[in-house]
Amino acid sequence: MATTVLGHETHAAAAPSEKTGLWSWLTTVDHKRIGILYGTSAFIFFLIGGLEALIIRAQLFTPNNNLVSPDFYNQLFTMHGTTMIFLGVMPLSAMFFNYMIPLQIGARDVAFPRLNAFSYWVFLAGGLLMNAGFLVNAAPNQGWFGYANLTSRQYSPGLNVDFWLFGLQVLGVASLAAAVNFFVTIINLRAPGMKLMRMPMFVWMSFITQVLLLLAFPVITVALIFLMFDRFFGTHFYIPSGGGDPILWQHLFWIFGHPEVYILVLPAFGIISEVLPVFSRKPLFGYAAMVFSGAFIAFVGFGVWSHHMFATGMGPIADTFFALATMLIAIPTGVKIFNWIGTVWGGSIQYRTPMYFALAFIGMFIIGGLSGVMHAVAPHDLQQTDTYFVVAHFHYVLFGGSIFALTAGAYYWWPKMFGRVLDEGLGKLHFWLMFIGFNLTFFPMHFVGLYGMPRRVYTYHAGLGFDIWNQMETVGAFIIMLAFLVFLYNMVKTHRGAGTKTPADPWNGATLEWSISSPPPEWNFDTTPQVHSRDALWEFKREHGGMLPEPTHGTGAGIHMPNPSYWPLVTAFGLLLLNLGIMFSPKTGPWGIVVGTSVLFFGFFQWVFEKGYSEFTTPAHGAHH
Amino acid sequence: MIPGSPAGRQLRRLALALFLALLPACQAEYPQSVLHPKGEFARITDAVFMQTVWWAVLVFVLVQGALLYAMYRFRGRPGDAEPDQVHGNTTLEIVWTIIPAVILAVIAVPTVKAIFKTNEMPSGKPLTVEVIGHQWWWEFRYPAYQLTTANELHVPVNRTIHLKMGSADVLHAFWVPQFAGKRDVFPNRETRLWFVAEEPGNYPAQCTEFCGIQHGKMAYRVVASQPAEFDAWVAKMRTFAAAPPAPPAPAAKDTVRTTSVGASLQRTATQDPAVAEGQKLFLAKGCAGCHSLVALNAPKGMLGPNLANIGARSWIAAGTLENTDENLAYWIREPQLVKQGVLMPRLGLNETEAKSIAAYLRTIR
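For the record, the sequence lines run as chains R and H.
When we follow our numbering, the leftmost residue of the first sequence carries the number 1, and every step to the right adds one.
When we follow our numbering, the leftmost residue of the second sequence carries the number 1, and every step to the right adds one.
This is chain H alone, in the form it adopts within the complex (with noise of 0.2 Å):
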């Protein structure tokens, strides 16, 4: 095959595509990766770190070779004499004392950079948002619009996301891989973190600090979506109110809510019987004590996840299962089954209970 022929030419282009077709799907294979980060923080310490990746593999293959010629090379043979007894080599060792030096300094310099760049917020107006770590789930809440929500992170692409970070119970730790590092969240005390979403999508992240028997159940899911599609978000997200939001949202027109946390509840009473009994037996069961179904001005210090919008989330008990009718039903009335530990009681409830609390929920969407 001559280089510079069509047919060779085509193989080439063959080979790139099939390249270029493995790529993303290997990022598909892999959505929680650090190796593929879609975010300026994430890009950021990956560079430094592939940088320190190829390092690693040229000493590695340095060092292991000399170890592994040697092993071969001086292989010891019945009848050898006592070889040389040599006691060291000073050049030599200061030699293999000032390289290693050097290639850490030239490791370090590209990592002190990254760590001021990280540690300094991108200038630009930044999108605030609250995070606050629970056993087992996150809530978020977003100061400028007066917003609360659960385990469903939305974010507009391209527009630095700065987050305030705290904790009510233990430590957790914030990770999107995608987009940024870990940072901790505490009780008491502050964190901070940011990042920009570079790319829409809907992103799975987790709880990464220890925090209990549910630890493991503890992801959430990022949505980064362009600017139009986060505000209409917004505004939907706003109708979700104890009053009705001023101005009104178009969308929200027909469903005025006028209580707090019954407000949501009257919206779709009116579709199907099981959606209205379900509705009666949120109220009824105990369930609006610790979840509340208003996003806007919601009550703080609920112990359960917001579930305004909960019909519309992919998925369900911090990120335990897929918000499907089924398992939404499940987990209301097995919640010790899916998530052992958790605080939300099993309240004894039947299937048909069950389903009609689903069926409601699926509607506060």
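With the rest of the complex left out, here is chain R (with noise of 0.2 Å):
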């Protein structure tokens, strides 16, 4: 901090300094305040996503059912699908990028922090415009793939595909600049002596996510111009009366959206990595092939977006393509799902609340392999596409997949992030009711897709068999949301002083971010630690021969960390501007454009200029810069 470096507080006189209240918030460029950020804002948006859900079940009840409009119930599942993917699970993986890996690669902090601010801010942004539209009654209704010709203004002429298309560009700016950051952090700031290959596997599987981050934004991004060019310029980019023609959007839509999915699993593997050693007090089983099919499922998931397109009529060439590339990606995930078992197998299992919802993962996961393998069998793809088996297989991939390993990562580092051990009690009555919830609500799907239930449908006729099924659904989303308010009250009962301070290592981890106190300092390592192995703590656990004692800190005086910043959010906030100008355009003119772009540079130019570090005084404690 600026102010603590004696005689240097005058350059940074006009910048903020505060530690706690609001404004410290506000202008945060820590990252694990920034990770809190992410993570609060991101399970109040998971929240959002569950309560539409909720009424999204209440209506298929029954048949018939006149619980919400059509359209209500349009702007419900695409807002539903919208925020599980874009504003809950990948913000709640950014929670952890943030908290967890500078302290895993023993790191100060991330390479850019104040691009680490803006990166939240924007998202932030981006997740309020997004569901800005339900209070105009005009939230997104075109589902969140967004299939062209339906989002042309002839088809869609209400704000409700402005506010999608607006909000998923600026959650994409949000991404893009995280990503760069990240990718940048593990490539540059990992402590002496930890190599590529003795980075933890949660690192490893993030730095894999942001390579694909990287990759696969441009895409939608660029899909998303020809969009709105379409919608506000009069271009034919998707409008086939002007020569344009729907299936680019498709293409485009799914470069970016198969990777996506692994977007969504590569940081959950990550997660499940850390936990299931640790747990079994055993180290992860075939590291090296943990860490290269993980790669390869990134590689080869560019390779496959097609196979959500096999109803479009590719012809045969282009199905064996697609559908032998699918199959392919079942290898290396299978690989991972053998060696998470190998890693349980002969270990001691600590049956602690983390690893139940790990183990349940590695149970569900499986499951939503085999359908995806289902899927993969093009011919029959034809039958099972847009249908609730559909459905089935990616809830049990992306909730059973990834929100079991997410909820894992939360019981295990929330010691770490907020000094308290979860209750266990409650921690196991949340792991059961959402394990049967779970499964109650979504493996009835596999059955009442192939009775023949499409996605997407706000009803459907008594007659066809779809009740009974459709009955059980409903009732194991209730339970889930159940799982999810014991979870609440599991995270309120802790802090109300129930729960103990935990000390540094509570569960005997096996990385860096466990042998410094909970929750840490501002600079995390009074000294970088100097590493030798993989997992790196259990060796220097093992060469004290024990657990280590309570860590303890300095004041922090002389380490170099970046000055707090409320640029960031200024020009988040002109980014903002910037798209709902463009967005109100038709209306208002060119007006909210020229304020919009004239903030975003004046925050550019200012965050530029501004003073971003405070300067060495003492080597003392060794920067590790």
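Quick caveat, the hints were computed from the structure, so don't treat them as lab data.
It should be emphasised that the depicted structure is a prediction, and the values quoted were computed from it without experimental measurement.
Just so you know, even glycine gets a beta-carbon here, dropped at the ideal spot from N, CA and C.
One or more of the hints may lead you astray.
[Claimed, not checked] Cβ pair distances, simulated, as ranges: (1) R:S585 to H:Y145: 50 to 56 Å; (2) R:L67 to H:K300: 36 to 42 Å; (3) H:E130 to R:L67: 56 to 62 Å; (4) H:R73 to R:T552: 37 to 43 Å; (5) R:F584 to H:E190: 38 to 44 Å; (6) R:L67 to H:Q146: 44 to 50 Å; (7) H:E190 to R:T235: 20 to 26 Å; (8) H:E190 to R:T62: 38 to 44 Å; (9) R:L67 to H:E82: 17 to 23 Å; (10) R:S585 to H:E190: 35 to 41 Å.
[Claimed, not checked] Only pairs whose alpha carbons sit at most 20 Å apart, straight line, appear in this in silico EDC-like list of lysine to aspartate or glutamate: (11) R:K541 to H:D84; (12) R:K493 to R:D423; (13) H:K280 to H:E351; (14) R:K541 to H:E82.
From these two lone chains plus the hints, build me the complex, please.
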């Protein structure tokens, strides 16, 4: 902190320096605080997405139900999908990227702390913009996949598509900025001795995720720019009457959309690969195979997008290629599952709450993987696609997979982030409710899909045999709701003093974040650790001959840390204004665009010429740059 | 019970009878199911799917079993020593990379075969039907018979049906699960699909590509019938003509039509005052602006579904309501309540007027 650096307050006099209160959060560039901001916002969005799901399930409880109007139903399923992907799972992963990557690699912060703050504020702006449509009963209603030409002005004249288009565009900026940041952080800021093949698996999977983000998001950005031009400036990229082609959208969307699936699930793989070894008291089985299978999944993930498009009639050659490429992905995924079982095998399994979720993750992911192979049978995918069979599949990989893993991560890292272990009894209640509710909700979807129930229909007829299955699913969904209420209660209870302050290393962790106090000081490490092996902390403990003493931290004096700044917030606000400006330009003219651009550039200039870092005083604590 | 004894045989017969009785019951319970294929295309895909399902079951049992076993066997107990710090096992890892690869290859072979089979139309003289998706109904044209109809596709059994498909507005998808997989339909781009219906019946089907507010109510029926019955249907449909069909079908001799849309209107005008009133209202209220009652050489580009034979269809409003007199009248009077956002406007008809139009449409069969 600038103010802790004796004699050097003057140059940063204008910079904010509060450590508590609202202003400290608005100006923070601390990766841990930004992680908490990501987590809190994402969890609130996640609960909103869950509420949307509950209304959907209530509407589908009986045939020909009229609980919600068809248009509102379409808004609900569009926003449920969009929210869970872009505002739930992705930023919940980002919470762990932010909080854990620097700690696990032994760094003091990310490579670009202000860019990190900017990413968060832009994400928040995008999330709010996306949801703002509900306020004017014009939330996005064209599906999270936004297939052209339904999204054209002619067929979607309202603001619905615009909220989605600009919301997603803004969120894309946040994702790209964050991806650049973590990519550089992992490459450049690893502690001495932490070679690539010594990195914790969560860092590895996060690293691959950043590569996916960097390659996939530009594609959706371009696709959305085309859509914006079609809607606002009269071009015809996707409009058949003007010579455009709606299939172009599908290709662009899925070249982004399929890697996006791995963006959602690779961080989950990483979390599981941290939790399983710690609670089996045994290192990850087949570390190198885990790294390469992750990279292989990501690579082949760019070559399977058209398996979302078998029904468009691409012809036998393309169908064959994409069917085989999709099957190919099952091999590295299988390797991962076997290696996880191999990790547990021969271990001494500590049945704590994070381990419950991690083991359930493996079980659920096996089911999702097997239905995935069924989709790869291209001719029969023509029967499965756009039915509830697919809904079952991707909830098994994204909920049974990602959400279970993120929940495992939450219970696992909670003591590191907040200094208290969540209540075990409530945690296990949470687990069983979620496990039962999840399977009751999504397993019947396999059947109802094969019995012919399409996705995205706001109601169905009696007499098609869908009723009983839908009723089970709705009951299951409300059990999931109970599970999350228990989770919320657990958080409250733990922090109302019932939970005891925990030591730095409550689980006998293997990685560096457990070597520092909980929560860690702003500068993370008093001295940058020297790493000699994988599972660095286990190695330290082995050398020491037992658990390490509780860490103590100095005042941080002399440690080189970035200054807080409000310019990332201002710049993000400018980006939001610019997008609102374009969105309303048909009514207001260019003024919104002018104001937005001005704020954006003003923010940029202030940011660039701001004194971002205080200077060294004494190198006593060995800054690691 | 001795297996060979008469009682044993009886019991087995009873069990078989029970099983057989349950099977059709199952199918009747799930009329839109993909698991009970009734046509060649669907049979090909079902076969390769079921093969995959059994592999999946095997893998599921083995892997899930291994996981559960490990979870039980290696549960930690207080005071456990640190387990062996195993980092991997190259042989094992190679083995469990190869085994899934082999299983996938075994699945891939029939998959690729099925891809090529389903992409190629079987030989024999197909019946071509043009399918046009609309927000939110389906148009079917039979070039061979110059016929147009809507929301109820009639096909003969055991003959290849060749669909040439397009859309009038946004993307939709054609799907009759019992006969074939889905095929998207696009504006300005032709997609194709084929199927052979093997069993007569009235099959539910619906649009599966999200296409706007009423995507949920864009269903249709496929009526598969014996060739003779189908021919009779064609002959009947050809009587819904602007000019007398040549040669005129015998059944239609007494109902000569003379004008374009109004042709069939004159048909039963004399029978019932409500019908006569409905006929007038059909024109006066502008129904005829969007709906043609002519099936033979019907005008193209109409906004609403063709209504020739509407009186005989099993469902109305694209599979939304059963075609009863009450439902028909209600739909005509309150389309926005039945199907909010549908392009058919609320015309402000009173109940009597709606009933008259319904009574009139009932005669168009």
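Cross-check of the supplied hints:
no.	hint	in the structure
1	R:S585 to H:Y145: 50 to 56 Å	holds (52 Å)
2	R:L67 to H:K300: 36 to 42 Å	holds (40 Å)
3	H:E130 to R:L67: 56 to 62 Å	violated (38 Å)
4	H:R73 to R:T552: 37 to 43 Å	holds (41 Å)
5	R:F584 to H:E190: 38 to 44 Å	holds (39 Å)
6	R:L67 to H:Q146: 44 to 50 Å	holds (46 Å)
7	H:E190 to R:T235: 20 to 26 Å	holds (25 Å)
8	H:E190 to R:T62: 38 to 44 Å	holds (40 Å)
9	R:L67 to H:E82: 17 to 23 Å	violated (56 Å)
10	R:S585 to H:E190: 35 to 41 Å	holds (37 Å)
11	R:K541 to H:D84	holds (16 Å)
12	R:K493 to R:D423	holds (8 Å)
13	H:K280 to H:E351	holds (16 Å)
14	R:K541 to H:E82	holds (13 Å)
When held up to the earlier numbered hints, the structure conflicts with 3, 9 and fits the remainder.
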